[in-house]
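Asker: Position chain A relative to chain F; hints supplied.
So the chains spell out like this:
There are 2 protein chains.
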Amino acid sequence: MSERQFHLNAFLMGVGHHEAAWRHPNTDAANLLDVKHFQNLGRIAERGKLDSVFFADGLAVGPRVKHNTQAIFEPVTLLSAIAAATDKVGLIATASTSYGDPYTLARKFASLDHISGGRGGWNIVTSAGADEAANFGLGAVPAHSDRYERAEEFVDVTLDLWDSWEEGAILLDEETGVFADPDRVHRIDHDGPRFSVAGPLNSPRSPQGRPLLVQAGSSESGKDFAARYAEAVFTAQRTLEQGQDFYSDLKSRLIRYGRNPDDLKVLPGIVPFIADTEDEAKALEQSFTDLISPEYSLRQLSNMVGVDLTEHSLDAPLPPLPDLDHIQGNKSRYQLVKDLAETEKLTVRELIGKLGGGRGHRTFAGTAEQVADELTEWFDKGAADGFNIMPPYLPGGLEIFVDRVVPILQSRGLFRTEYTESTLRGHYGLAESVGKRSRATVAVEVSA
Amino acid sequence: MSERQFHLNAFLMGVGHHEAAWRHPNTDAANLLDVKHFQNLGRIAERGKLDSVFFADGLAVGPRVKHNTQAIFEPVTLLSAIAAATDKVGLIATASTSYGDPYTLARKFASLDHISGGRGGWNIVTSAGADEAANFGLGAVPAHSDRYERAEEFVDVTLDLWDSWEEGAILLDEETGVFADPDRVHRIDHDGPRFSVAGPLNSPRSPQGRPLLVQAGSSESGKDFAARYAEAVFTAQRTLEQGQDFYSDLKSRLIRYGRNPDDLKVLPGIVPFIADTEDEAKALEQSFTDLISPEYSLRQLSNMVGVDLTEHSLDAPLPPLPDLDHIQGNKSRYQLVKDLAETEKLTVRELIGKLGGGRGHRTFAGTAEQVADELTEWFDKGAADGFNIMPPYLPGGLEIFVDRVVPILQSRGLFRTEYTESTLRGHYGLAESVGKRSRATVAVEVSA
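Going down the list, the sequences are from chains F and A.
Per the UniProt record's numbering, the first sequence starts with residue 1, numbered consecutively.
Per the UniProt record's numbering, the second sequence starts with residue 1, numbered consecutively.
Calculated from the structure, these hints are not laboratory results.
Wrong hints could be hidden among the right ones.
To be verified - No farther apart than 16 Å at their CA atoms in a straight line, the calculated lysine to aspartate or glutamate pairs in the EDC-like style are these: (1) A:Lys66 x F:Asp339; (2) A:Lys36 x F:Asp87; (3) A:Lys338 x A:Asp373; (4) F:Lys66 x A:Glu342; (5) F:Lys49 x F:Asp34; (6) F:Lys251 x F:Asp263; (7) F:Lys338 x F:Asp323; (8) F:Lys338 x F:Asp308; (9) F:Lys66 x A:Glu175; (10) F:Lys354 x F:Glu369; (11) F:Lys36 x A:Glu175; (12) F:Lys331 x F:Glu166; (13) A:Lys66 x F:Glu166; (14) F:Lys331 x F:Asp224; (15) A:Lys66 x F:Glu175; (16) A:Lys354 x A:Glu342; (17) A:Lys66 x F:Asp173; (18) F:Lys66 x A:Asp173; (19) F:Lys66 x A:Glu399; (20) A:Lys331 x A:Glu220; (21) A:Lys338 x A:Glu350; (22) A:Lys49 x A:Glu295; (23) A:Lys49 x A:Asp87; (24) A:Lys66 x F:Glu174; (25) F:Lys66 x A:Asp308; (26) F:Lys66 x A:Glu174; (27) A:Lys66 x F:Asp87.
Okay, chain F solo, but in the shape it has when bound (with noise of 0.2 Å):
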């Protein structure tokens, strides 16, 4: 087995990633309201030894209600239920740090950790919604910079309250009546600019110590925020060439921050078409785009560039957009929209076809062996330490996915056959708990 390996997380939504995927043959479309099947993608990702299974979230029902399938969970309350269903395959929710706070965020993911054993994860958002925000009492979005302050300060706050515990500071001594030592439980006193918070944590110490930190911003400021605080980073890249680029560029900021290039992994989206053939696999992938529904994906493809496409003739080309410098939502995604558009000279139709599968995010349609080498050469050229494998459709996507692709993979030497760690991040391969020394340490080499 060669010593550097593949880390694998299953993206999993409704009943498949692809926006027409409810509608087609290979799914049952009342598996979106069971919570039964999200505990079957559980028991699926953990036959085939992936790290970590994960949700996102949002915080609005958005303009989209009648052609959106609407996620019917929570993502942290999904896991607790899935983490009853399994027992070694991580969990990741998304919870956003520009709304709610610190301490209730930290206790949540605590519990979740405490719950699994230690196999719980969070994927940091800023919010970019106007929607979303005016449920949260602010009139418009917070600006992209605004954000990302917040989201410091939160994840700096949530660190300190989950380190408020030391480790063995419960002493569950029933001889003498005592439970903890107190000299071990430590008030935070963080008092800054957006919060100010005691502690200590109402939750004790939980099994990871600290759950693991995923991000997935692919802008300036989320590349700088990944760098100084995540564990994994989930990214949308096309072509080996941008991964390479987005991969160096991540590791190199890494090193800025006092952190080994270890210490994050990067994994691309892949959103993959699996059959016995080439032709079949493209079949396939052909049959999900001819489900699409132009009304939705316009309004969809409208959202990430900021433009009302709605009324705009599906032949055309992309009219005119705006430039980056105006976008205060997801700045990396519309970027790749644009120039996968003007790059390949794209029809709105066209470009909707492509984005159907993952909203941006890399299909292939092939063998499994196809699939295998393509992952394979990413993960050798330095565009990858694994993957975010986003299935078309749920859960057969999956399945074929860990059937016939795992086992290469395993058999180049290149994924665990068995679990050999117990935590998500054992899984991972990071240290079970980065401490409260290490970060401080962390910090002083940032201001120096």
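Answerer: Showing chain A alone in chain F's frame:
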């Protein structure tokens, strides 16, 4: 079987309600840290056909970390894991209206309701602790009346959010690609003194429409709040007469809010020590009292009465206590402790012993038959619609209640022998959902 039936909730706390439970040979202290212990408790409650299980919660560690076993798990995430291990029993979690956002809370409980197939309930509290305020950016606890004003607006918004998706809004029409009928998904556009929330909720209507609303405040504001919103009330009443007074007071308030007295179930707490003979039951209780740590209990009592008693002699009576008007915390519990100490002329040591079982809730030691008789008397004489069972030790104290007391109640035709409903509202004999219109009617009657 008689028409009027008992409703029974199991109030679960660590390895038991008695403050020394974790040190007693009847428990295994390691269970405090083990989610499987709590899943097992859910299954025991379900074996007994109980209506629900319930977890309290607080938003700070408090000053008693040395002796006070801390909750390891956050209630809603814990109940999601228990939902995965049970099929029928209701799942009630405490959450505060004093901190956080209605949008987040509405979503979390909707998710629990989806995950459990309609078994979710919310015990509404208005956190009274200064240590809690300091974890959410406040220098002091909001005044009692402010907390209740905020609670009312918080609950109003939450109910509107739960109603923002009408029954039947999800169409899942694979042919036309229509997920939901946008005409049945509504903005709420709430703009009040404390919250501004656009809606709709990012969760389709949950199986119960609205999770069950539970409340436990017994002050004047608390009783009015309960009469307006609650569907079940947990209360601490030490004597039949006090129980009758509380019961008739609360039911009469319901009528003022245009509600039917049956729309709210009154469930006094009881901490039952059960054994084959009365003497054995009393000896069992004494074996717990003997393990009480005075250092811990004096802090606990100081907290309840708002006077530092940690240097006070254990064998003297309580010092003079402040007037009720000066208490900003749990007013009804303060009054109960003061009355108990004064009417029974107790020393501090005796008072601590009386409070050790259930922090002011009634303890009762006897045979299963005696417990059943006591409960039946309260039920028959207008003091209770059922009970909040607070086992002094777990799991044993719940098992003996389920295996010995429940069959007696069943043989008397006072309690179900099988679940006849699948939702928590169903177990409590309440309508599936009150719906938007009926609540608007209530509001009109209130202002008339």
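Asker: Now tell me if each hint is right for this structure.
Answerer: Structure-based check of each hint:
1. A:Lys66 x F:Asp339: Violated, at about 59 Å.
2. A:Lys36 x F:Asp87: Satisfied, since the Cα-Cα distance of roughly 12 Å is no more than 16 Å.
3. A:Lys338 x A:Asp373: violated, 28 Å
4. F:Lys66 x A:Glu342: Roughly 64 Å separates the two Cα atoms, so the pair is violated.
5. F:Lys49 x F:Asp34: violated, 24 Å
6. F:Lys251 x F:Asp263: Between F:Lys251 and F:Asp263 the Cα gap is close to 9 Å, so the pair holds against 16 Å.
7. F:Lys338 x F:Asp323: Roughly 10 Å separates the two Cα atoms, so the pair holds.
8. F:Lys338 x F:Asp308: Holds, at roughly 15 Å.
9. F:Lys66 x A:Glu175: Within the cut-off at roughly 13 Å; holds.
10. F:Lys354 x F:Glu369: violated, 23 Å
11. F:Lys36 x A:Glu175: violated, 25 Å
12. F:Lys331 x F:Glu166: violated, 39 Å
13. A:Lys66 x F:Glu166: Roughly 14 Å between the alpha carbons, so the hint for A:Lys66 and F:Glu166 holds.
14. F:Lys331 x F:Asp224: Status holds; Cα separation ~14 Å.
15. A:Lys66 x F:Glu175: holds, 13 Å
16. A:Lys354 x A:Glu342: holds, 13 Å
17. A:Lys66 x F:Asp173: holds, 10 Å
18. F:Lys66 x A:Asp173: This hinted pair holds, its Cα atoms lying about 10 Å apart.
19. F:Lys66 x A:Glu399: violated, 49 Å
20. A:Lys331 x A:Glu220: Answer holds: A:Lys331 to A:Glu220 is near 9 Å, not above 16 Å.
21. A:Lys338 x A:Glu350: Within the cut-off at roughly 13 Å; holds.
22. A:Lys49 x A:Glu295: Violated: A:Lys49 and A:Glu295 sit about 39 Å apart, past 16 Å.
23. A:Lys49 x A:Asp87: Status holds; Cα separation ~11 Å.
24. A:Lys66 x F:Glu174: holds, 12 Å
25. F:Lys66 x A:Asp308: violated, 60 Å
26. F:Lys66 x A:Glu174: holds, 12 Å
27. A:Lys66 x F:Asp87: violated, 32 Å
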